[in-house]
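Student: What follows is the residue order along each chain.
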Amino acid sequence: MKVEELLSQSGEWLKGTGPESDVVISSRVRLARNLHRFPFLTVATPQVRAEVEKFVRPRLEEGKLPRKLVYWSLGELSSVERALLVERHLISKEHEKADGDRGVAVGADEAISIMVNEEDHLRLQVIRSGLQLDEAYEEIDRMDTALEGSLNFAFSPQFGYLTACPTNVGTGLRISVMMHLPAAALSKQMEKVLQSLQRLNYTVRGFYGEGTQPLGDFYQVSNQITMGKSERDIISELKKVIPEILKFERSWRHKLIDDEPRKLEDRVWRAYGILKHARRITSEEATDLLSALRLGLTMNVITGIPHKVLNELFIFTQPAHLQKIERKILDPEERDAVRAEFIRRRLEGL
Amino acid sequence: MNCEKCHKNHATIHLTAIEGGMKKEAHLCDECARQTGVHLKFNFSISDLLGGLMEPTTKTPKVNQVRCPECGITYSEFKTKARLGCANDYEVFRSELLRLLEKIHGSTQHAGKTPHTVDAQVRKENELIRLKRDLESVVKSEDFEKAAEIRDRIKTIELELNR
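Chains as they are written, first to last, in our numbering: chain A, 838 to 1187; chain B, 3 to 165.
Errors might be hidden in some of the hints.
The list that follows gives simulated cross-link-like pairs (lysine-lysine, DSSO-like), each with its CA atoms no further than 27 Å apart [unchecked claim]:
| # | chain 1 | residue 1 | chain 2 | residue 2 |
| --- | --- | --- | --- | --- |
| 1 | B | Lys105 | A | Lys1029 |
| 2 | A | Lys934 | B | Lys83 |
| 3 | A | Lys930 | B | Lys83 |
| 4 | A | Lys1076 | B | Lys83 |
| 5 | A | Lys1145 | A | Lys1084 |
| 6 | B | Lys105 | A | Lys1077 |
| 7 | A | Lys930 | B | Lys134 |
| 8 | A | Lys1165 | A | Lys1092 |
| 9 | B | Lys105 | B | Lys126 |
| 10 | A | Lys1025 | A | Lys1084 |
| 11 | B | Lys134 | A | Lys934 |
Note that these hints are calculated values from the structure, not bench results.
Note that the structure is a prediction, hence the values are computed from the model and not measured.
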């Protein structure tokens, strides 16, 4: 499979059909693993990086794993293709920008991906649509166990899986639940949510992970603690926290429609109007308007737009996607025009 | 010559370094050398040690200069980058990391998944202990045929563990 072929499909997690999908976009689990006897990437020479990739790649490509994976060496991809993988949430921004031998192995439905030579030798991730933490963990656990058959991971009985950064050591498990919280944000309640989550040792990040700003009212809630608890405990604790946020967001959504139905309707339909007719639109504006439209859809202020179409628009209107669709490098102004046209076409006839 | 640090014991370790064209010397007793961490390192930079010794009021604790013999990073480099250099660092910087992990995770003991390869190794090590105990008792009871059998099994496991 070529990176280009990603354009003819969208990730399983964008279906928008999972549990609690009115608020929860996706559940993501990540495991950090390092190879025994290889230095971490912090100090790895170009030769060591090459050796790690050469050692790992065939083992990711072999057929015995629970999922068939396609491997891309990032050095062999164009910068637009690398950016496209970031927009797809298949690799991190750091992995895109880094130097040296590195890559990613991806499953056909994009539910699983394994970065090679990122901060750790291996970073496994599984993304599922909606709130599906157990399912996502079971899948990543199966892959991890299968990989143990051919790779010897750095592990200590006391410290667990050894990682380059001590914030990941132990289970190496980071769970992130991506949520759409427009009502809490609109009602200026996010500060409260963020504070209480921080007190419980959870971090909140934006749409594209570490260091990114919340865009379109999407927030990623992740566990901070990776050691001293089992994987199951980390998951079940998060499973207690998430419903509280859902309840909170939903109650503010109801308040919006009870107190100021016209204001909400106006916001949603205006967004729809602009998206349907604009001739130029920036990525930020599109994300904001799509976020309003998504809120309107979940509250039946507007109907007839499938969740999948809407979720895909968030991804396909990002710069690298547009450039890959158009098959050429576009400057920001050209992109705004192409983006507006792309959105108009998708919303046509719905 | 008495030790420069404690001024009590006889200095048995003499270090010399040229720094910026200046010759620096340090003369220490065994005890003080151990306390400064000389025994800890294999490729310890002498000028680092001298720097640490000659500026007893320095804010940087000596532990910051402990260097991992495998990946070569020091604890202070780790603190700057916030990333470790290799798995061995967890042992080299053990006591500092234990404090750090307690702060980050509220725990210093892994409680999650164990790779089955590790499980298998632990099982083998346990079997080895058991077999060696068995061997002693069959030798005592002069069952040499059985002893030979156990000895073969021990050899096989030892080979597997060393692989």
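Student: Take a quick look at whether A/Lys934 and B/Lys83 sit within 27 Å of each other, Cα to Cα.
Tutor: Given that 27 Å is the threshold and the Cα spacing comes to 18 Å, the pair holds.
Student: Quickly compare the C-alpha distance for A/Lys1145 and A/Lys1084 to 27 Å and report which way the hint goes.
Tutor: Answer holds: A/Lys1145 to A/Lys1084 is near 24 Å, not above 27 Å.
Student: Quick one, are B/Lys105 and B/Lys126 close enough, alpha carbons at most 27 Å?
Tutor: violated (35 Å)
Student: Taking only the CA atoms, is the gap from B/Lys105 to A/Lys1029 under or equal to 27 Å?
Tutor: holds (25 Å)
Student: Between A/Lys1025 and A/Lys1084, does the CA-CA distance stay at or below 27 Å?
Tutor: holds (16 Å)
Student: Assess, step by step, whether the Cα of B/Lys134 is no farther than 27 Å from the Cα of A/Lys934, and give holds or violated.
Tutor: violated (54 Å)
Student: Starting from A/Lys1165, check that the Cα of A/Lys1092 is at most 27 Å away, please.
Tutor: violated (46 Å)
Student: Do the alpha carbons of B/Lys105 and A/Lys1077 lie within 27 Å of each other, as the hint requires?
Tutor: Given that 27 Å is the threshold and the Cα spacing comes to 24 Å, the pair holds.
Student: Can the restraint linking A/Lys930 and B/Lys134 be considered satisfied, given a maximum Cα separation of 27 Å?
Tutor: violated (54 Å)
Student: Sort out whether B/Lys83 lies within 27 Å of A/Lys930, counting only the CA atoms.
Tutor: holds (18 Å)
Student: Regarding the pair A/Lys1076 and B/Lys83, is the alpha-carbon distance no greater than 27 Å?
Tutor: Measuring from Cα to Cα gives roughly 33 Å; hence the hint is violated.
Against the hints set out earlier in the document, violations occur for numbers 4, 7, 8, 9 and 11.
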